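Asker: Here is how the chains run, residue by residue.
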Amino acid sequence: MQLNHAQRELTVKVVYYGPGLSGKTTNLQLIHARTQTEGRGKLLTVETHDDRTLFFDLLPVFFQTKGGYTVKVKLFTVPGQVIHNATRRVVLQNADAVAFIADSRRSANQDNNAYWANLHENMRENGLDAAQVPIVIQFNKRDLPDTKTEEELQETRTRGREPVIGAVAIRGEGVLETLFAVIQLAYRKMDEQAGLARNLGLSEAGFLAQVFDRIDTSGTQVAGWLEQLQKEEP
Amino acid sequence: MSAEAPPRPPESVLQRRLALSDLLDLQTFGELAKGFAELYKVGVKVFDEKGNRLADIKVGNGDFCGYVFSFAEGRRCCTATVARVKEGPVGPVQNARAPQVPPGLPLRGMVTVPCFTGLRYLVLPILWEGDTLGRVVFGPFTPEEMGDLPPSLTDLTPGIDIALAQGHLAKIRRAPEQTVAKVMLHFAQLLEALVAAGQKTYLTSQVHIEATLESNRDLEAQNRKLEALNIRLKEMDRLKSSFLATVSHELRTPLTSIIGYSEMLSEGLVGPLNPEQTDYVRTIMDKGDTLLKLISSILDISQIEAGKVRLTFDGVLVSDVVTSALSSIKPQAQKKGLMVDTKLPPRAVEARADREKLRQVVVNLLSNAVKFTPKGGWVQVVLTDLQPQLELGGASGYRIVVQDSGVGIPADQQDKVFQSFYQVDNSSTREFGGAGLGLAIVKSYVEGHSGVVRVTSEVGRGSRFEVVLPAKPPAPGSVIPPPASDGGAQVQDRF
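Protein chains in written order, with this note's numbering: chain A, 6 to 239; chain B, 895 to 1389.
Since the hints were derived computationally from the structure, they do not count as laboratory data.
Some hints here could point you the wrong way.
[Unchecked claim] From the structure, some residues in chain B lie toward chain A, with a derived Cβ separation under 10 Å: (1) R911; (2) D916; (3) D919; (4) L920; (5) T922; (6) W1022; (7) G1024; (8) T1098; (9) K1229.
This structure is a prediction, so every number in the text was calculated from the model and none was measured.
Backbone N, C-alpha and C define an ideal beta-carbon position, used for all residues, glycine too.
Could you put together the complete structure from these sequences and hints?
Answerer: What follows is the structure, given as structure tokens:
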């Protein structure tokens, strides 16, 4: 988190991490497509000829608070290929939250585990405390054969504290839900550190509502979650 | 690893707020602005968020503005207007207003700033990802509807030559405000495309550099680990040699007593023994001898490896050395029923050498030959006369050849037999005993004499070891260098 009171600016960094071809870029492309132009920047993507992310993708989503702060949520993806570990580490620096995009197929289990370990190793190398950086797990490609069952996902849930969300990113399923969950956790962490509610007048419901204000949430659970959140807030 | 790694640069480019000058290729951008200004005959200025000028193309207003500037009040008002345009807020405040354009045109925050001369400026913020990176200024231009010079100019500049001023004014582009606004929006679109391309190039190249530095950091950390490991290995190796030397010495001392007392027993110094007892005591002596030789070899090789061996060269009759070595292996050869053939030159061969070490070279080669030759085979030792030797660069020298009809050495292992502890057959069930040190010692001693040893062999047919030694090895030649661990030639410091 970069909070600059002089420039009245809050920058949040969310990194989409995971094995190659697990759908990180697809997530960002969908968010890009669903967000109004005024609320986002261009999706910066550097791809190789085989459509794989060479360095990283960057999609900024931003809004102005009532108090006059510019809030920028910068969504990054890391390159999935094994050889690009150094780039992954650079992109991961100072992340406020991580969306770990896993491939739901059973055959991908080993890869998922390897990149999970790689994520933690790179966090350590970057001086990030893995226990302090919120992570959301997205099980993507739920539509493919050999995919894990709902019971197996449930088992993954019970094995750790990270929220687990099923998705078919290519059809837009679960993408905004993942974004919601990861930004919600990022907000809580930042609020704990910098008192966003107290100092900036930014409540959790208010923050999330503004992030999703210019994003088309139709057909997703996000609208309902937002409503629920607003009701619960004192 | 991270504790040893060098500190990384404090912040990635991805965390930094980028300035307009990072994102634009200023030369290309300058040309674009110039082309625009010339095509539409209107001045174009571009400033970054700190007020630095990135482009400034004036078209047609020089004479008019210069003339107005020559009046004291004109100068003051002109400076104020320029400051307003360049640094004032880009919003409909402080004398600025929204441009007069048809409804529906996306203005992107554009404002009109009128000049006291009746001219006008349009100012447009450069927005990027929610940030204002700078501003574009178009103008001054003459609004299409402008008639006479306004009182705001003429009242402030008494004595102004209206006709002259009008003449200068005619050189400034006259256009409807909405036309200039549309041109400006078009310019903004191009600028945005350039910034997008520039951002992509800038970020990817910077991240690539950062990633390369990151990989480099990893490699450096690994290198340091390997270096530390290497130092430790060398130290362990030295300790091993030192340990072997100590242990060999400690083993030899009691063994000498065992052999000595057995000798006294067998010679009947403490009373006669019956034949069976004599036989047992001889066996103790024999095995003691074998053990002593083995320990001596270990001591020798450990001293060589520790770099502690000194050679002392003397005038030596090589023929005598060969004969003496031969006599020491004869008993074993006879026991196995081997034929031992010796070929010595008619004249005695005299050379400078370390007698004991040379003898050991021949003994080691001969005992190998005896050991690896099955019953009924033959062993031959040949000593040649002194003559120029090709292997020694033409220097005078002699050859000692030890040949046998033994088991032979497979071609792919002939290089390795000179390594310490190397055994062609290293299984626990192997037929031939020994510690695998004999040939390593031979090689070290021969090289200590500046000589060469090599082997030719055929499996099942026998082996032939050939030692070529100089008649006069280079003078000090005293310390045998320990075998180089990396096998590479060491280059000494040159400066």
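Asker: None of the hints should be skipped; say for each whether it holds.
Answerer: Now the hints, each set against the structure:
This hint holds: R911 of chain B has a C-beta 8 Å from the nearest C-beta of chain A, less than the 10 Å allowed. Given the 10 Å rule on beta carbons, the hint for D916 of chain B is violated: about 14 Å separates it from the nearest Cβ of chain A. Given hint, D919 of chain B at the interface with chain A, is violated; its Cβ is 17 Å from that chain's nearest Cβ, farther than 10 Å. Restraint check, L920 of chain B versus chain A: the minimum CB separation of about 21 Å is more than 10 Å; hint violated.
A distance limit of 10 Å between C-beta atoms decides the matter here; for T922 of chain B the minimum to chain A is near 19 Å, and the interface restraint is violated. With 10 Å as the threshold, the beta carbon of W1022 of chain B comes within range of chain A, its nearest partner Cβ sitting at about 7 Å, so the hint holds. The beta carbon of G1024 of chain B comes within 4 Å of a beta carbon in chain A, closer than 10 Å, and the hint placing it at the interface holds. About 5 Å separates the beta-carbon of T1098 of chain B from the nearest beta-carbon of chain A, less than 10 Å, and the hint is met.
At about 64 Å, the closest approach between the beta carbon of K1229 of chain B and any beta carbon in chain A exceeds 10 Å, and the interface hint on this residue is violated.
Checked against the numbered hints listed earlier, the structure breaks hints 2, 3, 4, 5 and 9; every other hint is satisfied.
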